[in-house]
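Asker: Heads up: the sequence lines are chains B and R, in that order.
So in the numbering used here, spot 78 of the first sequence is number 78, and the numbers just go up one at a time.
So in the numbering used here, spot 46 of the second sequence is number 46, and the numbers just go up one at a time.
Quick caveat, the hints were computed from the structure, so don't treat them as lab data.
Heads up, a few of these hints could be off.
Pairs of lysine-lysine, DSS-like flavour, derived with a Cα cap of 27 Å [what the hints assert, rightly or not]: (1) Lys28/R with Lys16/R; (2) Lys41/R with Lys270/B; (3) Lys16/R with Lys322/B; (4) Lys474/B with Lys261/B; (5) Lys61/B with Lys113/B; (6) Lys183/R with Lys61/B.
DEER-style ranges, computed between Cβ atoms [stated by the list, open to error]: (7) Ser49/R with Val25/B: 28 to 38 Å; (8) Lys61/R with Glu237/B: 54 to 64 Å; (9) Gly480/B with Lys57/R: 50 to 60 Å; (10) Gln31/B with Val210/R: 41 to 51 Å; (11) Gly90/B with Lys28/R: 45 to 55 Å; (12) Glu12/R with Pro107/B: 51 to 61 Å; (13) Lys41/R with Asn114/B: 36 to 46 Å; (14) Ser450/R with Glu237/B: 53 to 63 Å; (15) Lys270/R with Ala293/B: 55 to 65 Å; (16) Ala232/B with Glu12/R: 35 to 45 Å.
For glycine and all other residues, C-beta sits at the position ideal for the given N, C-alpha and C.
There are 2 protein chains.
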Amino acid sequence: MKNEVNREIPEEIVVKYGKFEGEFVNIKPYQESTRQVTPVKPKETKLLSSIKEAIIKSGLKDGMTISFHHHFREGDYVMNMVMAEIAALGIKNLSLAPSSIANVHEPLIEHIKNGVVTNITSSGLRDKVGAAISEGIMENPVVIRSHGGRARAIATGDIHIDVAFLGAPSSDEYGNVNGTVGKATCGSLGYAMIDAKYADKVVAITDTLVPYPNTPISIPQTDVDYVVEVEAIGNPEGIAKGATRYTKNPKELLIAEYAAKVIIGSSYYKEGFSFQTGTGGPSLAVTRFLKEAMVKDGIKASFVLGGITNAMVELLEEGLVKKIIDVQDFDHPSAVSLGKNEHHYEIDANMYASSASKGAVINQLDVAILSALEVDLDFNVNVMTGSDGVIRGASGGHSDTSAACNMSIIIAPLIRGRIPTVVERVNTVITPGSSIDVVVTEIGIAVNPSRQDLVEHFKSLDIPQYTIKELQEKAYQIVGHPYPIEYGEKIVALIEYRDGTMIDVVRNV
Amino acid sequence: MKNEVNREIPEEIVVKYGKFEGEFVNIKPYQESTRQVTPVKPKETKLLSSIKEAIIKSGLKDGMTISFHHHFREGDYVMNMVMAEIAALGIKNLSLAPSSIANVHEPLIEHIKNGVVTNITSSGLRDKVGAAISEGIMENPVVIRSHGGRARAIATGDIHIDVAFLGAPSSDEYGNVNGTVGKATCGSLGYAMIDAKYADKVVAITDTLVPYPNTPISIPQTDVDYVVEVEAIGNPEGIAKGATRYTKNPKELLIAEYAAKVIIGSSYYKEGFSFQTGTGGPSLAVTRFLKEAMVKDGIKASFVLGGITNAMVELLEEGLVKKIIDVQDFDHPSAVSLGKNEHHYEIDANMYASSASKGAVINQLDVAILSALEVDLDFNVNVMTGSDGVIRGASGGHSDTSAACNMSIIIAPLIRGRIPTVVERVNTVITPGSSIDVVVTEIGIAVNPSRQDLVEHFKSLDIPQYTIKELQEKAYQIVGHPYPIEYGEKIVALIEYRDGTMIDVVRNV
């Protein structure tokens with residue numbers, strides 16, 4: 001069966017998930033999911049001696065669902081430590097529902113082969129794990145969810161977490177947790193907060209046990225069943241890894257300059273506007289150019305959102321933005337800022353981006369800068385599979401932010417090496433073209449014709465403007481027509497749209 | 001049927017609620033209650049033009065349950081404003097489930113007589129409303145719940161709030177609310193936070209609409225459906241009314257001095273201890289005496305808890321306590337402190353005192369100072385009905401705190417006017433004697449024999465010590481034997497223990 005973005009979804013999958021029918025068609029009232037609560041009485045302790053004891057006390061059994069957060073990113077020790085103990089205990093057939101999976105989680109491949117893990121849902125799958133999934137090592141397809149989509153799935157009960165194992169940069173013995181104090185400070189615990197709120201059993205794993213009561217409280221004692229102290233939960237180096245070096249690449253700087261011009265030239269650029277730029281060299285450069293204009297024009301933003309970097313913290317400290325709304329931090333300075341600046345505010349993933357919430361912050365967002373591995377003639381975006389069809393990306397907040405904000409801007413080079421970015425048809429649709437307003441490349445921009453208001457408004461903009469078809473043709477002129485990927489028959493990943501419907505599937509290669 | 005505190009509970013009530021069997025007997029795992037969530041999409045507004053429009057949009061119908069918070073205490077305008085609109089709309093047969101009811105809510109009497117309100121659950125009932133209930137104007141008995149008990153009832157689903165109308169000292173248009181900014185700053189919104197989290201529909205009513213995003217966030221936009229701006233939500237004078245003047249009464253000062261000696265003489269008085277003293281002249285005096293000792297002995301408390309007053313704020317600012325954990329503020333300085341001092345931390349009622357939570361803060365509390373209208377030979381305490389049997393008090397956190405803390409101390413004069421405080425049998429049991437450790441009067445103290453460890457430890461204490469029987473006899477020697485109250489047959493109030501079982505009933509007078 002074909003869905004709204006013209007993707008073929010097998011009927012049995014449509015029956016189970018429904019098919020994507022448009023950004024806001026399948027957002028309906030629902031009864032919120034619930035957890036089983038085991039009350040803790042006076043004089044009872046939550047502090048356990050080991051992860052093994054916590055696994056046993058939690059009642060974890062074959063077939064259950066467990067979760068982890070990805071705030072430590074490439075520096076995470078927790079998932080591998082816990083999975084090793086679980087495997088040693090002989091527990092099998094688990095569903096793994098972390099907020100995301102990083103390269104550092106390569107040991108998962110063995111746990112999959114050994115039947116410890118038989119189902120996975122995640123925002124991202126990197127390197128070796130992604131490649132192994134694409135090869136088809138799992139019987140059941142992985143379910144890829146956006147950050148907002150995961151929060152929705154947990155709130156609606158599509159994901160029910162039996163036991164959440166949450167790395168806690170600091171915790172007291174009763175389970176009051178924050179991410180701004182400790183040895184491995186990751187800052188915001190926005191993704192973990194959701195797991196703690198809905199899971200039946202929650203285990204806080206910390207390497208920094210502090211006196212009661214630990215404040216500020218990101219995860220409260222009322223959402224934690226057990227506390228375990230370990231030697232180390234994460235590597236601070238790894239938390240900031242890969243994030244955010246300012247680019248000196250002329251092509252990237254040109255893209256960033258064009259993107260900044262698009263924002264500044266838009267009707268959204270005024271006192272009190274808001275934006276999210278994310279990470280990566282070009283994004284930081286956009287922020288830099290935008291900052292110069294804001295200083296020149298005397299314009300201040302009401303808030304910046306998202307994955308936060310030091311570039312955002314500088315804007316806050318210089319008074320150019322009034323507040324930072326923070327679901328995740330990508331470097332150490334932003335984690336430190338969250339701990340000390342009252343205008344740098346932590347929120348959970350539900351408030352950040354869920355389509356099923358009583359109103360997410362992205363609904364109030366003016367401009368979002370987003371990346372793409374591929375964007376096609378329908379403006380559909382792929383941030384998940386490479387040009388070889390192998391899973392190596394992450395859904396993240398891409399489809400959430402772009403759907404909700406007033407103007408979404410894709411920044412991407414026209415070609416990468418010998419690979420075109422603007423293509424006829426993306427390998428995998430993560431974000432439907434209806435959510436994308438402007439595509440910015442180093443040779444110029446393409447505005448989505450569905451946004452005639454922007455087409456009109458940008459007529460006077462001094463940036464080369466093309467149709468998306470013209471951008472694609474220029475890309476193909478340079479590197480030629482990409483070879484078609486030879487997929488197998490097996491579906492290795494289901495791409496769930498933020499509303500829970502199926503927007504695409506990924507087959508083995 | 002007789003319960004654990006030897007009170008006769010009619011069988012049909014026992015069938016519905018169960019009977020009190022001991023403080024921790026009926027605390028069991030349960031599936032948490034849930035709300036119906038109506039998602040808010042991008043570009044949808046929550047801001048409505050009037051309370052009337054909000055009532056209509058909320059879908060409020062005959063027979064539903066509505067709630068309010070009591071953080072404005074005697075200064076509250078919200079409940080009366082909303083109830084007047086509801087009555088004008090002709091909606092009937094509502095269950096009213098506010099966190100408490102004050103004198104200022106006298107108009108409720110008319111709404112009860114007119115059938116707008118047919119069921120009530122509350123912590124307290126004062127003056128005219130209490131008297132009217134005691135006269136028997138309601139067909140169905142009021143259910144009295146402690147602050148922790150109400151949080152438990154909401155979490156377990158015993159109370160399901162269809163629509164919560166929450167006074168918001170400040171809010172943005174998307175429903176981010178706090179109590180530290182605005183015209184009627186009440187400080188902590190600890191009781192309101194629970195309603196917002198579990199109610200199907202939540203209406204934030206504010207007189208101070210601020211730009212988005214309003215921070216700090218006590219109640220997040222994800223828990224609010226509608227926002228209404230009105231002229232005024234409360235009278236700041238009334239918020240602090242009746243609270244906390246330091247006593248000059250020699251009898252009260254003597255009681256306070258004895259209470260402080262009990263704390264200082266106990267094994268709990270050491271570096272990092274914690275306490276809750278509440279409001280009222282004698283309590284403040286206890287804090288004053290305790291402070292002098294802490295300075296002299298160089299001892300610092302890890303935290304103070306509860307209803308917070310300026311006396312606690314002074315301890316924090318002087319470095320004598322490390323943190324304030326705050327569910328409610330009783331005066332303006334404490335509300336201000338919450339807004340500016342990072343070590344003054346806001347929590348909700350579930351985290352404060354619920355027996356059904358994954359661990360309340362009171363479970364970590366060393367010492368609690370509590371008041372009493374009556375205490376009897378079994379150490380049972382009455383804080384609800386007067387010596388005439390008329391309802392005029394509030395359950396508050398009395399039974400919660402005393403059950404959970406390490407040492408609960410009742411401070412009360414032996415007699416009030418011509419009325420004995422220490423009696424053979426209290427009119428109404430709010431807190432079972434098993435939760436009470438020490439009774440302090442102006443003539444000396446009585447230690448609960450069930451706490452032989454304290455009896456032993458206090459042998460050397462230079463305070464006159466009596467049995468509770470001796471205190472009662474001395475009281476009766478002075479004022480004579482109290483006349484028995486002539487109750488009617490009708491049950492006007494059910495006293496629910498914090499675990500949801502029935503500890504006592506109140507009949508009409």
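Asker: For this structure, which hints from the list above don't hold up?
Answerer: 3, 6, 10, 11 and 16
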